[in-house]
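Enquirer: One-letter residues, chain by chain:
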Amino acid sequence: MQLIRNPRDFYAGLLFVAFGVVALVFAQSYPLGTASRMGPGYFPRVLGILLVSLGALQTLIGMRRKSGFPLEWHWRPLFILLASVALFIVLTTWLGLIVSALVLVFISSAASAEFRWKEALIAGAAQGVAAAALFVWGLGLPLPVWPPFFGG
Amino acid sequence: MELLDNLLLGFSIAVTPANLLYAFVGCVVGTLIGVLPGIGPVATIAMLLPITYGLEPVTALIMLAGIYYGASYGGSTTAILVNLPGEMSSVITVLDGHQMAKQGRAGAALCVAALGSFFAGTVSTMVIAAFAPPLADLALEFDAAEYFSLMVLGLVSAIALAHGSVLKAILMTVLGLLLGMVGTDVNSGMARFSFDRPELIDGIGFVAMTMGLFAFAEIAVNLERTMRAGTIADGISSLWITWKEFKQSFAAVLRGSAVGSMLGILPGGGATLSAFASYTLEKKLSKDPSRFGRGAIEGVAGPESANNAGAQISFIPMLTLGIPSNAVMALMVGALIIHDIQPGPQIMTKTPDLFWGLVASMWVGNAMLVILNLPLIGIWVKLLSVPYRILYPVILLCCAIGAYSANNNMFDVWVAIVFGFLGYIFLKLECEPAPLLLGYILGPMLEENLRRALVLSRGDYTVFFTRPISSAMLLLALGLLVLMVVPAIRAKRETVFQES
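If you read the protein sequences in the order shown, they are chains S and A.
Just so you know, numbering that gives the first Met the number 0 puts 25 at position 26 of the first sequence, and the rest follows in order with no gaps.
Just so you know, numbering that gives the first Met the number 0 puts 178 at position 179 of the second sequence, and the rest follows in order with no gaps.
FYI, nobody ran anything at the bench for these hints, they're computed from the structure.
All C-beta atoms in this analysis are idealised placements derived from N, C-alpha and C, irrespective of residue type, glycine included.
Listed below are several chain A residues computed to face chain S (Cβ distance under 10 Å; list not exhaustive):
(1) 49
(2) 166
(3) 171
(4) 173
(5) 174
(6) 176
(7) 218
(8) 219
(9) 403
(10) 423
(11) 442
(12) 445
(13) 454
(14) 456
(15) 459
(16) 460
Derived Cβ-Cβ restraints for the label pairs, each shown as a range:
(17) 74(S) <-> 374(A): 42 to 48 Å
(18) 242(A) <-> 137(S): 49 to 55 Å
(19) 187(A) <-> 65(S): 43 to 49 Å
(20) 17(S) <-> 246(A): 57 to 63 Å
(21) 336(A) <-> 113(S): 37 to 43 Å
(22) 336(A) <-> 124(S): 35 to 41 Å
Rough simulated footprint, nothing fancy, chain A against chain S, three-plus residues with beta-carbon under 8 Å:
(23) 24 to 37
(24) 55 to 61
(25) 70 to 81
(26) 112 to 120
(27) 133 to 145
Build the full structure now, drawing on both the sequences and the hints.
Expert: Below you can see the structure in the form of structure tokens.
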């Protein structure tokens, strides 16, 4: 007997139940109020209960109905993409927009199966300069362009 | 004639140099993302939203609107020439459009798509001008109870029209409503779900969330499949259509415009639904349905007119009731709020310039799009040869900087990363992110009106059913929910979306 017949439905259900539980736990500290004078905890609790109950129903459906094709996760491209953005955040204040944009473009390019490092390097450098020109010099975003120790 | 005066006012605003320029920019960008598969209007509008902060509100809206309906023009180009839909709304155009291209009639298909869209755009501009004011007048009579019921109806019908599982769409909407609660509660001043982060006091960054859910997650999913560039059908010899083709497509364009004008107003409707409905209608009405799928020009003319009409008509509920009917409109509401304009029926009376300027600009934009899409088609086709591996890092960088620029704060970029991660999981589990965005935008309004209605009725929940308009809307919502659960109808709804 297979427990999870449709992983898409099953895990989606669990995810929503988890969100509902988090909402309910935090909403405990918000005053409930009455129907005529609703407190800040009233509506979130209603939503939390909805998420938990309908999420549980979704989980049950995932255990009963079969799915057509298997669920496959490809974490590598996602993590490379998100890591490149995280690095961008950290590097921008330290090394300026041009370097951090180059790093973002270069690393995120590696998420593709058709990665070519020379091409990515050139594209990254070009986009770093273009981003600085458009967003900092053009639109006036308060971001450093060069690393601070360059005196820029 | 009040209507004429209003339209004249609108055109006087739409043709100022700045507004013309930004309408043009919007149309170009819209066509661009329409042509390129893998970037949707939602992600693009979120990306460009920060650029509009410094503009006049009307100019900002004109540009953003141009992106939306521009994408429905551009999407057809890729659908016809490369057998790949550039946008969801052009999925159906692939069927007959690409067949026509294979038979050497690519030019005719492109021509009928562009001219049909232009005709539909003209019709829907008139429809908006004629029907929006009375609807706004009606909405001015609405009290909190009516607004609450209206939003419930809006959310329920958005769920009804969402693709895939109904239960998942409901869950995504509820989660969106909950995400909308994050930040300071207006009534009590209490910070909810803010985890003691000062950045969350004003709520989750709307731009950052959209970028994560739509742009980051979509790129990750796209990278799983190898994005093969299709073979471009060559020989766009002549952009003219024959007299026979004109006769065949004329009625389809008329019907498509009507279908789009009706379905566009539905919450959850808009371009995609209208295109699907129009294709089904054309096939049903055709004397020889077997021609469909083998290059029937009606199969291009109808849906292409319908998707453009639907895209424009979906502005009506947003502009008159302040209620967004799809994810793009949710972004427009976000843009209005950023400009300190409260969306709702008072837009038309308080800022007639904004309303009529936007309506008139739609017609101007449609005229620009015909020029962009017919004589300049060669440029767009060349763009298709840019590989995805070059394209997506550009999108990623623009999103990262865009998320930062919303509040000049890197915290928003972290938010985008978190929602990118969540968005990927949602996409893999077949949970559409659009209902979540709608819920997020409507959440605070829904709670506010629920509270106010119950304060007025002293805690009596029957107020929603004793007021006639409110009760009618709630019953309609309930009816829709029941219909969705009935299996027979659900099966039918699946087939409508599966005919692609």
